[in-house]
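**Q** One-letter residues, chain by chain:
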Amino acid sequence: MNTEILGVIFIFLLSLLLAWPLGKYMVKVFKGERVWTDFMGPLEKLIFKIAGANPDQSLNWKENMKALIVINIGFFILAFLFLALQSLHPFWNPNGFGNWEPTLAFNTAVSFTTNTNLQHYSGESGASYYTQLLVFCWLQFVSAGTGIAACALLFQGLKNKASEGLGNFFNLLVKSCTRILLPLSIILAIILMVNGTPTNFEGLQEVETLEGGTQLVAAGPAAPMVAIKQLGTNGGGFFGPNSTHPFENPNYLTNIAENVAILLIPMALVFAFGFYTGRKKLALLFIGVMSVLFVAFVAVSISQEMNGNPEFTKLGLSDPTNLEGKELRFGAAASSLWGVSTTATSNGSVNSMHDSHTPLSGGIFLLDMFINAIYGGVGVGFINFFVFVIVAVFIAGLMIGRTPEFMGKKIEAREVKIAALIIILHPFLILTGTAISSYLAATDQSLASEWIHNPGYHGLSEMLYEFTSSSANNGSGFEGLGDDTPFWNIMNGIVMLLGRFLPIIGPLAIIGSLAIKKRVPESAGSLQLETPAFAAVLISVILIVAALAFFPVMALGPIAEFFSF
Amino acid sequence: MIRQSITFIIISLVIFGVLYPMTIWGIGKLMPNASNGKPIIINGQLRGFENIAQEFSSENYFWSRPSAVEYDASSTGGSNYGPSNEVFLQEVSDRIESILQSHPGKTKAEIPIDMVTASGSGLDPFISLESALFQSERISSARSLDNDQLKQLILDHKEAALLGLFGPKDLVNVLKLNMALDNISPSLTNN
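Chains as they are written, first to last, in numbering that gives the first Met the number 0: chain A, 0 to 564; chain B, 0 to 190.
No lab work stands behind these hints: they were computed from the structure.
Careful, some of the hints might be misleading.
With a cut-off of at most 25 angstroms between alpha-carbon atoms, the simulated BS3-like pairs for lysine-lysine come out as follows [claimed, not checked]:
| # | chain 1 | residue 1 | chain 2 | residue 2 |
| --- | --- | --- | --- | --- |
| 1 | B | LYS105 | A | LYS313 |
| 2 | A | LYS158 | A | LYS279 |
| 3 | B | LYS105 | B | LYS37 |
| 4 | A | LYS160 | A | LYS416 |
| 5 | A | LYS27 | A | LYS160 |
| 6 | B | LYS107 | A | LYS313 |
Here are some of the chain A residues that sit facing chain B, going by a computed Cβ distance under 8 angstroms [unchecked claim]:
| # | residue |
| --- | --- |
| 7 | VAL69 |
| 8 | ILE70 |
| 9 | LEU133 |
| 10 | SER162 |
| 11 | GLU163 |
| 12 | ILE190 |
| 13 | GLY330 |
| 14 | SER351 |
| 15 | HIS457 |
| 16 | PHE562 |
We put the CB at the ideal spot given by N, CA and C, even for glycine.
Just chain A, with the same shape it has in the complex (with noise of 0.2 angstroms):
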């Protein structure tokens, strides 16, 4: 078989095999029971004394929203501060980067805050070594642990008998990111590291070529921060074309490493939800309707990409797979699974330029972030999917005319009105975005030629995207797109709060109110979740609600470009 193929299927079943254990261990952490990490608890001890917290105490679901909220906006300010006035760090600084545009660093500042890590700047040529650490790596860290935090909440509710105690949010988050996060990226790291990943503090490097020439070789401390941002879905390489660069993925090893590590802690908290609830056939079901459309989407992208760009053929080539913006070291096989895994978990790390795939491959990838629950962002992403559910226990429910229930929860209006609007808060931030977008520059020939890189159908392609990677919390791009503008800068950073927060105080919120609703004795009139029937209604309202919202957006966009060849 194609060797090229046989290591996609490896890095796919390789993912699923080690998210087992890890979605055991979650759990464990969660839980508070003992594990090996056990030697963090001393230090985490210290945080919690000097905090003044309590870590055992219970809060419900709106004390532990203001936790996290208030959390967050001590992380955007502190980045701000930082980015705006890089140039007054004292050290760390070998190549004198300055200060930053105020737009740029807002939207900078939002982007790592909010786990997106949608980067309108370059790494290897804006951000000294002080920024990359203090404010990129950190970040990467602790807006991931949010999200893994506010997971292992919506867990709790839903195994709540009736009592409102969802946990303890700023507990979860200290453990999130010293068990976690932390001993997985050091194990990342090393592998990297080992590999050619460079972790110096030298600042441009002066090589003398073969042919006697000068190149200038910008390396610094990329292997810690490549790590994190690949297992947070951070996203937020440490050089411009991210993954795709020699250094941050020096070969297929390490290509293989940094996908498992994408796909790793999304698919582990759907094991989580099983070990945490006791409902490990549902887990089961819940990855394989994941799974499904994972699969499906990867062999789209893989073929589209392999039987290539026709134009090639037309120009007299006899190979026309599309090699454009891809590297030799990974093919296309490779990069098309690297893209399917990217955007589906919200990720947005990449090992080819999403902007040069074909028409089709690049729709797939909008799709998964249209989506946005397939495995998904780390704990968001799980939080998505359950909006999901909910509305699928409900659509289900109504069409066999039994109560809607979810785990022995009744899901009444109020639930599903908030499910419901959390699921129209996706297009609209994106569709209300693009037209904006696109409306000027269709009437401003100079923001259209200062923006779009790519004329045609790919160029509302490319605005289309930066709004859904924006709302996704992705952060990949089709990076043509000249989007460091204050345009740009303040939409994208608007779009990327609201896409970051509302999806998760909402389904909270549903959870707020379920974990204290008694639970109903399952009998012959419950819908029965764990059926083939069941996966088919959720897997038709995944697909429904996104192609309904974006349909008419993609036929403008990638579809028509696909049949324009």
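Please build the complex by placing chain B on the supplied structure of chain A, with the hints as guidance.
**A** For chain B alone, coordinates are given in the frame of chain A:
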């Protein structure tokens, strides 16, 4: 709540922004070659990095894949051209013409696709085996080398898939190949 937030921000900043990267940096000291990005140092002079492509434009060397950033490793990136962009297709077409000119006797259909498409990073260290073989006649005549000897050198530098199982196979690291080339025919090096 404020106290809790400030405490966490300060302590996490120290752990994840300083201690964690410094720990990795410290471990990196045990493997100075890898943790510096695998530099190639000859006679005390930094001549390149194993995984970073250099620009080769002379007849005497194997050429790297096209780079949208002119192999500038301080500001990297891809072209970001969409597949139907006319500017992009014109660029590919120009590359085809210039390749045909410098490789007389070859046809369009023989040109490997990686020779006319720009990589994502602009620094792809590899070319395909086909691309190396395609270029071999140009180099053997420029260096007055036996073409079979050169082909053998290329085959010696062919890299297999990971464990022979996973990922692309038959790639050639251009920089390593060109250095080996200088070793067997040193008269043409620039210094």
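**Q** Looking back at the numbered hints, which does the structure fail to meet, lowest number first?
**A** 3, 10, 11, 12 and 16
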